[in-house]
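Heads up: the sequence lines are chains W, A, F, C, X and B, in that order. Following the numbering used here, the numbering of the first sequence begins with 4 at its first residue and continues without gaps. Following the numbering used here, the numbering of the second sequence begins with 4 at its first residue and continues without gaps. Following the numbering used here, the numbering of the third sequence begins with 4 at its first residue and continues without gaps. Following the numbering used here, the numbering of the fourth sequence begins with 4 at its first residue and continues without gaps. Following the numbering used here, the numbering of the fifth sequence begins with 4 at its first residue and continues without gaps. Following the numbering used here, the numbering of the sixth sequence begins with 4 at its first residue and continues without gaps.
Please note: incorrect hints may appear among the correct ones.
A pair holds if it fits inside one copy or across any two, identical chains being indistinguishable in the list.
With a straight-line Cα cutoff of 25 Å, these simulated SDA-like cross-link-like pairs (lysine to any residue) come out [unchecked claim]:
#1 K175 - L13
#2 K135 - N85
#3 K132 - I17
#4 K21 - A186
#5 K135 - L254
#6 K54 - L230
#7 K137 - A259
#8 K132 - A22
#9 K54 - S14
#10 K175 - A88
Hints were generated in silico from the structure; no laboratory data involved. These numbers were taken from a predicted model, which means no experiment stands behind them.
6 protein chains.
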Amino acid sequence: MTTNLPVLPLSLIIEAVKAALNEDLGRQGDITSAATIPPDARAAAAFGARKAGVLAGLPIVDGAFRAVDPSIRFSPLLRDGNRVAAGAVIARVEGNARAILAAERVALNYLCHLSGIATATTALVDRVKHTKAKILDTRKTTPGLRAFEKYAVRCGGGVNHRFGLYDAVLIKDNHIAVAGGVARAIRAARAAVGAGVKVEVEVGNLGQLAEAMTEGPDIVMFDNMPLDEMREAVRIVAGRAVTEASGNVTLETVAAIADTGVDTISSGWITHSAPALDIGLDVVV
Amino acid sequence: MTTNLPVLPLSLIIEAVKAALNEDLGRQGDITSAATIPPDARAAAAFGARKAGVLAGLPIVDGAFRAVDPSIRFSPLLRDGNRVAAGAVIARVEGNARAILAAERVALNYLCHLSGIATATTALVDRVKHTKAKILDTRKTTPGLRAFEKYAVRCGGGVNHRFGLYDAVLIKDNHIAVAGGVARAIRAARAAVGAGVKVEVEVGNLGQLAEAMTEGPDIVMFDNMPLDEMREAVRIVAGRAVTEASGNVTLETVAAIADTGVDTISSGWITHSAPALDIGLDVVV
Amino acid sequence: MTTNLPVLPLSLIIEAVKAALNEDLGRQGDITSAATIPPDARAAAAFGARKAGVLAGLPIVDGAFRAVDPSIRFSPLLRDGNRVAAGAVIARVEGNARAILAAERVALNYLCHLSGIATATTALVDRVKHTKAKILDTRKTTPGLRAFEKYAVRCGGGVNHRFGLYDAVLIKDNHIAVAGGVARAIRAARAAVGAGVKVEVEVGNLGQLAEAMTEGPDIVMFDNMPLDEMREAVRIVAGRAVTEASGNVTLETVAAIADTGVDTISSGWITHSAPALDIGLDVVV
Amino acid sequence: MTTNLPVLPLSLIIEAVKAALNEDLGRQGDITSAATIPPDARAAAAFGARKAGVLAGLPIVDGAFRAVDPSIRFSPLLRDGNRVAAGAVIARVEGNARAILAAERVALNYLCHLSGIATATTALVDRVKHTKAKILDTRKTTPGLRAFEKYAVRCGGGVNHRFGLYDAVLIKDNHIAVAGGVARAIRAARAAVGAGVKVEVEVGNLGQLAEAMTEGPDIVMFDNMPLDEMREAVRIVAGRAVTEASGNVTLETVAAIADTGVDTISSGWITHSAPALDIGLDVVV
Amino acid sequence: MTTNLPVLPLSLIIEAVKAALNEDLGRQGDITSAATIPPDARAAAAFGARKAGVLAGLPIVDGAFRAVDPSIRFSPLLRDGNRVAAGAVIARVEGNARAILAAERVALNYLCHLSGIATATTALVDRVKHTKAKILDTRKTTPGLRAFEKYAVRCGGGVNHRFGLYDAVLIKDNHIAVAGGVARAIRAARAAVGAGVKVEVEVGNLGQLAEAMTEGPDIVMFDNMPLDEMREAVRIVAGRAVTEASGNVTLETVAAIADTGVDTISSGWITHSAPALDIGLDVVV
Amino acid sequence: MTTNLPVLPLSLIIEAVKAALNEDLGRQGDITSAATIPPDARAAAAFGARKAGVLAGLPIVDGAFRAVDPSIRFSPLLRDGNRVAAGAVIARVEGNARAILAAERVALNYLCHLSGIATATTALVDRVKHTKAKILDTRKTTPGLRAFEKYAVRCGGGVNHRFGLYDAVLIKDNHIAVAGGVARAIRAARAAVGAGVKVEVEVGNLGQLAEAMTEGPDIVMFDNMPLDEMREAVRIVAGRAVTEASGNVTLETVAAIADTGVDTISSGWITHSAPALDIGLDVVV
């Protein structure tokens, strides 16, 4: 699950940890450590998984420690995209004690949140492994964290859908209604965007699908379609467009959806509702 | 659940929705709507709860629409802290169609996420209603969203723990180890901070508790203590400090923990793992 | 040339004019006007074209005046994408004299620069009108102004290529060399990105083209190819991919390039070297 | 042309390249390189001039590489202000391949744009070399790039006019009209600003000049004056103020303007319409 | 003292009050008012001077209230630059009670600080009124507040020295030492900056002055010169440059310094050590 | 006075010096040094106290030099919180001459301002040394500098009051009036905030005090109370709450106030009106 991960732009990591550290340290800093820990005390600590899962976010953990004190040594034993067993050590960190404690919660909050998303993604991916279907994310992400969450989906073996309203066309009901039909909406989109942008259209039934296919969309999304109808829809498309299933995707339903033959299955749950992976930092001051 | 909610600083809301809109719109904007929806088309839409829950985040929804187009009219029928039934309409919005669609996902991502936290909090609060125990949050929040998530906890009937490392002293194992004992750590903290800052200490057993109580801490936290021991700990404190239970707090365990007589119970789960509340926006272009 | 223009995100305009005004006003403000113009003096002014061209940037002009003083009334007589004759009035503005003078240069600097790009784009578009070829922009834009400059290209009748390294794959020599051949590079890209992202490949000769076509790229770019070879390349592609001509595109050469039958022709000149359109603001204090 | 160049504040460079990199990398980063180039691949490359010109912007190029990866080694062979021949190598760069490709376009966009301005400035400077006249820039700069563009003018042998509305007084028609005459406007300005600020006044004819000279302005600007009249104006001023010619300054006219004896000649063309200097980066992965 | 005040750029005020409000409200907001004051309660209040002085900062007070709640009505009875008697009402404010209390301290902190500077400036100005000497400020300002503090100096009847290292040349000992003498330093400066920038030189004795005058500096500063020597220096300059006295300027010494005939006297004390003017806000909830 | 100083968050220092340097350098940089000092010249300099006092701000001085040029070597001989004698050397700095001069004024402005506050605080602390009273600061701080000024108060031996409206409850007249009495206001506050937040109430006389004490506030502030009444108030509280004296605190009155037996005495003067400590930088280029 570790091949071909995208590279998070460094400035994204730096800005993110800076904001999170500001949030936790305020203008007063860590008043407990300032009172109880000498300025020069050193500490070592280990990140340990309390539950099994898939990792995502280690470069951000690294960035959090660097932001507080560039002399801290952070040494990961595993990498993003790796599965981790319950009880396993993920990484070690060593350096100034106050600095490690100042960054601890920020580091963990990112790591647990993103690894939770990677773990949830892998849970879906594992269930559709017997098919060609890929698991996609959506725009249902936590505000401000989309790039990181979509990266976590990749760490979990999923594939990214569009990043925003800006980088792909996705024509939905509302657009179709205003544009005066599926075909006209697709034509309007083609005319407006360059050849470098893909055009996807959402269809709710086989009638809409037939009309849509006359305009050769790049991708068709089957929105909340019954499985039988979806199977028929896949047959109709017959490889002329990429197919995507959407709606009611759960750990229980995903395998059956994949069995319809769709190319991709998109899930909002993996980003908006995945529980955090339980990871702790055991500090040895 | 709606009394005495704190007021989110306006600048916090403005900055947050601006960042989230930038994330979704990029530099190109909504290329689908630009291609298929006329600049002057108008739309009306309704926010509807697909599942029952407790609301949090309506002022942010309002802010998201305002940021895109100040002439949009957003009319909430319910307020933050209100319970909402499955199927109920939460709010209506009316205005320029492109603008409503541009803000839609940002508005929903905040509302579903924060209402999920409020709903989870209420689930715990409901289970301890027969006791005096209050439900507290922790610093295990999503990076960048702490102020909003702690607000959502309040909407759900919970109470806020410290906001960061800066606004209260919380002495843990590591601090105690370095400071040379619980009592010395508390004394060091008292000496360092002003009279306006509370001092809380974490204890793992009755021995530590006894030593801690000699220094009169404002709050004692019982960390992962067995219920019997916790009951005894509450008896020992005898009202001389506020008591807090921490660790292994779930929907299943929370009532029994409250029955030990503790004043407060803190839960990381309500912020780091609460599933989003399912809310949709039905647009009528 | 005015249909289907994209909508510049409002926050982009606001940030841009704020930065430009800060640059011009510094911390002291307009010291000449403060000394010579009474605080309540009013002025009216007209934007006039000194040369013929195509307009782009009027919403930014509007934003500049609003940023300085929301009570200024800006009334455009023409719209972005319109051709303007030498001597024609483009817009009128009326309000506080100091405020109009404070925003004047920022407004003109945007309008002249972007209209220069639109005008240059139209010059190319006009020369290929007898063919199906569309004029594309590149990433050779002025740092910080890419979104505006790509918008100006649209105003001039051009079409946008990718906005950055992030929203489309463009495989060049270097990628091919490292990946071990055109075909392998295309396969690696397809595997790494989702179905929503287009894959374009640059080829320098017919051999590379043949190899590339075995992998079905979405777009092939002919880089600095002689016209005869390009004509043959278009014949080989035969509609199985979008074709793009690149390199040595000038007012003199563009028609002949279009005559080869390529679908699109990309030009860096329209963004990095287009002279500003001469527009002035005649103020009547 | 290399003596006495001003020093660009480091923070200006850092902010500028950060913004430009964000623009090009977005939140997803370089998806082509991520897919086709291994994380640890190294590359070397050379910046080469395709056309002759004058260089400006090398410290920004350096900053762009540093911002992406501080371990990249950038080694300039020439310096800002140097003339470069067509075909000459300007600088070499060596380091991580993905990082070099990520910064390539940002580096080139700055270097080509600013070197274009330096080259245009030198073209004017060369034509007035037989006189004492200096070439000045104006406030007709690209929004957001003024400090860099004025630095490029210096690299090309020009001199900087005021940086904004804030650092010098320049009294124009409008100010004169409101203030009630040239003399009153100059007096008002003198009264309002400290002794450290110079007062310049624009005059359109010899009558205005005579009135202006009664108040001893530091600088007088002859706005679009016929050459004969300008020669007479220089004679009238007789060294009591610095003289500046403005309007209709081109490669063709500049020598004749300088021959009138003016001290300085200001040109908007060198910043708003100079074509980019053609510089490329040849990468050897 | 109210004529010809410069206009503070609006964006400067907006940024400043936003930062100050963030500092005071944090992410939690005003927790006392949220607990004790109903959301819709209204209040009226009056700004009253507890001591006599000169006002500066009312537009910032206005901005602070607007930033918290644009519907607050702020009505100044006096203006910046006006003298205010002890006990006099300066302005009234009326609106939402929570909002007024949220902005109160920020508004007062600006108003008391800046009015303190204006009052101190006027104290010096009053003492030199019998001469032509003007009171100048310096760069010894509070970090982040220079533009406001220099504006306050103007409100107090003083004149602004350069705003930073960027807008005027001031040659001191160190520069002279490195450049190899006063004359060479002045020549180097003249060669490096445009005609729009004034050149000032600091001299410590009559020998340095004589050498400096051979190069015709715009301004000469007499640094910590005995009064007799300064009188002689003024005689030597004889109007060929603006003269400035610097060093040991106090309420006690300033009149005697002015009596030497210098044109200007610069004081760091008015910005770095002026006590705040005592102004209070009496709220009637 | 040097024990247990809080740690200023590094990002706070970095942001602060960056803003202050921008303010001083503008976009043009130090034009005097650029003209007169060679790019590679080196300099050494010493910070010397011209008056005796207490130091605060050395880490910010360090940060200012680092921000301009990380290779500068800054070597403090004393530390924040140390007393310094008139004439003593505080620190030395060595490195690039232009860089040292560029940071000089920013460094001094912070150091003189904050050391002035520390010195003023110590002056009060020294006068109450014979009692148990501690000197507190207030929210009457310079906008934007609160965290630094409160740190300086700590350096001077004082203790910090709340940092803003967000981190402690302070119930004043207005809150009491609206809430319907002292007791009700305290109860409302207790109900609204968590156990981690202290509740302070301001009382103006013994009647209000009696009512307040029925609700067990954490802290009671005696606002402008006559000394006899304050002594009685201390007797009534009898250790059940922390006591604070406020109003009319000067160098002359502070000892008598402390003699009443109050626990703490808060002073706005130490932050809003303390004169800067006179410190200079003697440069040896």
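Checked hints:
1. K175 - L13: between (35 Å within a copy, 24 Å between copies)
2. K135 - N85: Classified as within: same-chain Cα gap 22 Å, cross-chain 45 Å, threshold 25 Å.
3. K132 - I17: This pair counts as neither: shortest intra-copy Cα distance 36 Å, inter-copy 44 Å.
4. K21 - A186: Cα proximity of K21 and A186: none, with 47 Å in one copy and 34 Å across.
5. K135 - L254: within (17 Å within a copy, 38 Å between copies)
6. K54 - L230: between (34 Å within a copy, 24 Å between copies)
7. K137 - A259: Within. Shortest intra-copy distance 13 Å satisfies the 25 Å Cα cut-off; inter-copy 44 Å does not.
8. K132 - A22: Result: close neither inside a copy nor across copies, 38 Å intra and 37 Å inter.
9. K54 - S14: neither (31 Å within a copy, 34 Å between copies)
10. K175 - A88: neither (42 Å within a copy, 27 Å between copies)
In this structure, the hints that do not hold are numbers 3, 4, 8, 9, 10, in rising order.
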